[in-house]
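K.L.:
One letter stands for each residue in the lines below.
4 protein chains.
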Amino acid sequence: MIKVAIVGATGYTGLELLKLLAQHEHVEIAAVTSNSKAGAHVTSIYPHFKGILDITLSSTDELNPAEFDVVFLGLPHGISMDFVKKAGLESTRIIDLSGDFRLSSPDLYNTWYPREHVFPEAYTQAVYGLPELFREDIRDAVLVANPGCYPTSAILPLVPLIKEDIIDAGHIFVDAKSGVTGAGAHAKPNTHYPVVNDNFSAYGIATHRHTPEMQDVALRYSGVEPRIQFTPHLLPVSRGILATCYGILTTDIEEEHIQNIYENYYGNEPFVRLVDAPPELNHIRGSNFCDIFFKLDKRTGHIITVSCIDNMVKGAAGQAVQNMNIMFGFEETSGLHQTPLYP
Amino acid sequence: MIKVAIVGATGYTGLELLKLLAQHEHVEIAAVTSNSKAGAHVTSIYPHFKGILDITLSSTDELNPAEFDVVFLGLPHGISMDFVKKAGLESTRIIDLSGDFRLSSPDLYNTWYPREHVFPEAYTQAVYGLPELFREDIRDAVLVANPGCYPTSAILPLVPLIKEDIIDAGHIFVDAKSGVTGAGAHAKPNTHYPVVNDNFSAYGIATHRHTPEMQDVALRYSGVEPRIQFTPHLLPVSRGILATCYGILTTDIEEEHIQNIYENYYGNEPFVRLVDAPPELNHIRGSNFCDIFFKLDKRTGHIITVSCIDNMVKGAAGQAVQNMNIMFGFEETSGLHQTPLYP
Amino acid sequence: MIKVAIVGATGYTGLELLKLLAQHEHVEIAAVTSNSKAGAHVTSIYPHFKGILDITLSSTDELNPAEFDVVFLGLPHGISMDFVKKAGLESTRIIDLSGDFRLSSPDLYNTWYPREHVFPEAYTQAVYGLPELFREDIRDAVLVANPGCYPTSAILPLVPLIKEDIIDAGHIFVDAKSGVTGAGAHAKPNTHYPVVNDNFSAYGIATHRHTPEMQDVALRYSGVEPRIQFTPHLLPVSRGILATCYGILTTDIEEEHIQNIYENYYGNEPFVRLVDAPPELNHIRGSNFCDIFFKLDKRTGHIITVSCIDNMVKGAAGQAVQNMNIMFGFEETSGLHQTPLYP
Amino acid sequence: MIKVAIVGATGYTGLELLKLLAQHEHVEIAAVTSNSKAGAHVTSIYPHFKGILDITLSSTDELNPAEFDVVFLGLPHGISMDFVKKAGLESTRIIDLSGDFRLSSPDLYNTWYPREHVFPEAYTQAVYGLPELFREDIRDAVLVANPGCYPTSAILPLVPLIKEDIIDAGHIFVDAKSGVTGAGAHAKPNTHYPVVNDNFSAYGIATHRHTPEMQDVALRYSGVEPRIQFTPHLLPVSRGILATCYGILTTDIEEEHIQNIYENYYGNEPFVRLVDAPPELNHIRGSNFCDIFFKLDKRTGHIITVSCIDNMVKGAAGQAVQNMNIMFGFEETSGLHQTPLYP
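As you go down the protein sequences, you meet chains U, Y, F and E in turn.
The first sequence begins at 1 in the working numbering and counts up by one.
The second sequence begins at 1 in the working numbering and counts up by one.
The third sequence begins at 1 in the working numbering and counts up by one.
The fourth sequence begins at 1 in the working numbering and counts up by one.
What you were told as hints is all true, and nothing was included just to trick you.
The list makes no distinction among identical chains, and a pair is therefore deemed to hold if it is satisfied within one copy or across any two copies.
Straight line, CA to CA, 30 angstroms or less: simulated DSSO-like cross-link-like pairs of lysine-lysine:
id, residue 1, residue 2
1, Lys3, Lys37
2, Lys295, Lys188
3, Lys188, Lys37
4, Lys163, Lys298
5, Lys86, Lys3
None of these hints come from the bench; they were simulated from the model.
With the rest of the complex left out, here is chain U (with noise of 0.2 angstroms):
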């Protein structure tokens, strides 16, 4: 049994986390930890909980992470920096489900997030969290940066066609559609019932801070730097993402080559599930499964593909569970059988 904090509990992917490792068979919850509502029982907060979790949350600033094995962050972005910072790199290990450390350096953040960043020394320990690229790292990470969800419903696709050259690097679109979870627990105008039911939209075209870790993510694992065109979509749903990509073939090329590359890829990956018709949200929720499909038009020569996840779960808090299961050498899948709840 390893000993572990969750910090920042009261939003959705710590509300998520507590889910997943509360059943977790190598896990003790030593520590749950939220400044605006310490004091407080779970179960005051999530009465679903009720009967399950029995857990009374303390004060995130007087938590000392040397106490734990392992230490999860479920802050904000431009928060979660300073905790690291003040934890340091040596008192325990960290997964931080925020942006902070996605990617590939301070400069890039810099650009992109708001605040200027307070650690940028922590930038050469800190692994992306995506097992099915970077598993060799995450293993004796000390700092591994959870990764967003819209890069891991558009990462998983598209790299095997990025680094097999499969497509123009150039031109790739990601059109992608997330529930409502994926903007947080906190309630604003824009996730009002009202404005959101029966409705639907985009958002953040050509602008939003998920476009450049998909870059970069790829430029890291391939050699090859892609230029995105991102656009995310608020779908009327409580979880889950759909992405659906659109490549231009670089080559003439048959449906089974590609159906072999994904299959090297992915073919023993414990939650990427290679699908023959096109996915539903439906499919994976609850669940850390990313199902992927894909379809070859010869008549336009592009490269369809549809890929679904559960933003809260392998684009969060169950994409953590496997980092954390990854480097304490537990089983890759301990605390992840969640069948999808269907319908």
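Given the coordinates of chain U, work out where chains Y, F and E should sit on it, guided by the hints.
P.N.:
Structure of chains Y, F and E alone, referenced to chain U:
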């Protein structure tokens, strides 16, 4: 053409008034106010009005009521009475959509509402604006208290049964379910999309302020004060209220008899539809109709009524326009010919 | 490990049984049948099981019940009894999720169900599978009639009040609201998405078959036959039932007294949670919990209860697994540790 | 007043035509037909019309087209052409809402549609009923092929860019998302509420019949045949299409230039709104508007457009009424003043 002002126009009742009055043949919208949004163009708040409304909001505080034939108040409870007091009852005619003048006495108001009433003198002038029951009083009213959404949905089916002594007034159950627009345009934790979506809950059990409103109006109309058990619920829909009401029959009676009673009360009403199958929200969405269905259960000795309104139309803005039509001698259906949006 | 068969597995109850039993530590799913889909792989019908279940459906007609320790029946009402008759009561133990053996007599069945019962002899053996009320009988049962979803949601809060003579048994009102999975997996005009979305309606007023089931079970348990006015409604959600029940108090009583009664009945039950705020569907979604809340209204002399279950879990498959656990001496919570999926 | 017939009125396009034409000042609905529902009152099928429409359906087969000034066809693809052939092109004017006469040749039709065309001679007479592009041809047309919903949403933003040679016609991506009414009024397994709710999926990838319609119309209007990659998706909403389109710029160009082009094309159009923030489905629900937004991304050299329509109005019945208004010399906006239903 009469000149109207809409005060407090950025909430949902103000929004719906704008929509209805913009197409009313006898109305000129001469002022639209909001203290927080004064100076803003209406399409900057509600882009769907582009090409339909070209109005800039002015300040509520600077409005001179005497310049208008009628002023609609879309202000919150407890604020509306300040406006009415300041305007007085002689400067113009007022249709108040808040709860500030709905009850029969300031004492009752003070019991159920948090702020002590500031203008108790106005109670002798205030008319409860439910046309089906108080049409004649509305005609000459200077101050119309537009009914609450839940009371409208429940009073219409219940009052004939109470007044005709069909049911035991001591045990009436109103189990009502409302869409989220009933909670207003302001985002709150309990209206956050992921909290409402695929969810359902009861609230305000035994304590909701629409309880005394229902009892009070029934008393005024029928001479009998019923004791009503009212339970509101929050539906994952944007618009609409469905009320399921239960009464205990005082005597053995036939369906036909009750059908006759309802036809006597509502057979000539333009906005009440007596229907022979349970009504549904999407039969009335966007329209000013109240659909009423009833069923006798001889086995139990109970009567069950099911009624539906759009809380923003018959439950608020549409009823306010209907009241205005009566007050100014227009066709009662002027501006209220919206066909329900189905599906 | 026991060997189980799931008969009629393509409906929603069969689907949920598959999900729960696939992860049950004491169970081997030895057969999954469907006459219409025999020969199909389960993932061709339910792709979300990819990587989780590797099972091919066989024919119901060719199943030999004697080869299994227990057979779950996910067949429709009126069909299930044919299977039971053919299998007999000695070949294996049966948990029937249909309504065919729930009522106390074949006569009552013939009054409320369309097809005359074909196996009335089995009634003496059939046990109503609500563990909180009939646990001891379930232990040795050869035929368990798994309760209906609405009755489960209403009987649990009401039976203590009836048995302890807290409420007038002659006037009980059950206003229940169910998600659409309660209507089954087969697409029908009234479950077409645009018909249900943003809509809400009542149905089966005074005529629903779960009425006699509620009355009958209450009678069997308490010795008093209540007269229940039951109104089901269709919610625009996938899963979950919320029941709002109303009783007229027989005597002046305090909340504390009623709280004690509920704790005596359910304080040690693993799946009943007595909650101190109105429960919501997303507190129990995907789990086997029944949450119960009550409120006394001294003003009216009424008690209001609000209770919630997931109709597919505690209202069907989860309760069936709970019954199996009791029948075979497993921990009652085995395979039923699902944390509610929130949000 | 002109006399109109609506043929095949029980589907969703027929339903919406009924709604719009019932309130059209120049129209008398002289016949409403359905072979399957002949003899039924319209409110027995659509109860929300109670008090609004008092019409009994007659048989399609017995309709004499010559008795009407115009006949609207709400029949399915492949059936509509039979009606047109039987009626001939001289008996009356026809507005066909199916796909049977939309493409530029019967050969193209035979390639993409399952049934061989029965009336190829009519193609020389058929006019594609998109008023913004073909208004003059519509004026005198005897047979108007009302556009498909997806093509309407995508052609309007794309055609100016293609015709003005702003984008590479060889690589255009249309990622479109539609509400479920686009799938028709008939319940199907993939429109079952629990299957669609809280879900999202792509379908018809690379194979949807609206692909050739888009390409063909762009060719007819611009002289350039684009190669369009069209991917439709199913949204959990009732009404509305949002299309996100991507083009690769052929040259370095400024936003202002493109803004000018759009204003030249659509600045005077009553139903196209050029908006300066991404449009949303609830800005246009229930109305005949098409909202268009665009964004240049200098970083990538791409243009992104986002456009919205109500698939039942501008995507079907509203556009048909707009065509009728043009054909008969009415104000083009007659009967089409519906304010979007927000929220």
